[in-house]
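Engineer: Sequence:
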Amino acid sequence: MFGTELYIALVIGVVLSLIYTERTGIMPAGLIVPGYLALVFDQVIFLVMIFFLSFITYLIVTQVVGRVTILYGRRKFAAMMTVGILVKMIFDYFYPIFPFETVEFRGLGVIVPGLIANAFQRQGVLPTTLSTLVLSGITFLIVSLLYFL
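Taking the numbering used here, the leading residue of the sequence shown gets 2, the next gets one more, and so forth.
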């Protein structure tokens, strides 16, 4: 599900994220993440890998980088994004070992893990994961329904 669905999924994801955040106070890993994840919501391995890379990024920044430098605000966000990109590059290096195609995963896997890792640090792993998956699923359903109409 790519192409014009990308724009539709992003807009629907942002609108749903804004409504959800206003109602619950929990940000689903950034406003754009549910829209991006909705594009691969029917491919479970991509979702698992994105959240795996996000968690690894979160652990590296909080347990390693955060112990040798002071991280807050923009520094913390920049560290999450940079480490997320580096973790994704390492993952790409080991691509021949993994039993699945990662070509479609390249665009999503660069930015989204850093955004999710930043949300993990800010509001916790479980609330971020659950809210992101629920909103991504709802966005996927809406985009799928629009596609068939």
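Simulated from the structure, these hints should not be mistaken for laboratory data. Hints are supplied without guarantee of correctness; some may be wrong.
Unchecked claim - Computed Cβ-Cβ distance ranges for the label pairs, DEER-style: (1) ASP93 x VAL69: 23 to 31 Å; (2) ASP43 x THR70: 34 to 42 Å; (3) LEU127 x VAL45: 18 to 26 Å; (4) LEU142 x LEU87: 28 to 36 Å; (5) ARG24 x LEU127: 14 to 22 Å; (6) LEU150 x ARG68: 22 to 30 Å; (7) PHE149 x ARG76: 17 to 25 Å; (8) ARG68 x VAL135: 32 to 40 Å.
None of the values given here were measured: they were computed from a predicted structure. Where is the CB? At the ideal position from N, CA and C, for every residue including glycine.
Engineer: Next step is simple, just say for each hint if it's right about the structure.
Structural biologist: Here is what the structure says about each hint:
1. ASP93 x VAL69: 23 to 31 Å: For ASP93 and VAL69 the Cβ distance comes to about 26 Å; the hint holds.
2. ASP43 x THR70: 34 to 42 Å: For ASP43 and THR70 the Cβ distance comes to about 40 Å; the hint holds.
3. LEU127 x VAL45: 18 to 26 Å: holds (19 Å)
4. LEU142 x LEU87: 28 to 36 Å: About 34 Å separates the Cβ atoms of LEU142 and LEU87, which means 28 to 36 Å holds.
5. ARG24 x LEU127: 14 to 22 Å: holds (18 Å)
6. LEU150 x ARG68: 22 to 30 Å: Cβ of LEU150 to Cβ of ARG68: about 52 Å, so the range 22 to 30 Å is violated.
7. PHE149 x ARG76: 17 to 25 Å: violated (45 Å)
8. ARG68 x VAL135: 32 to 40 Å: Distance hint for ARG68, VAL135 holds at roughly 33 Å.
Hints 6, 7 from the earlier list are contradicted by this structure; the remaining hints agree with it.
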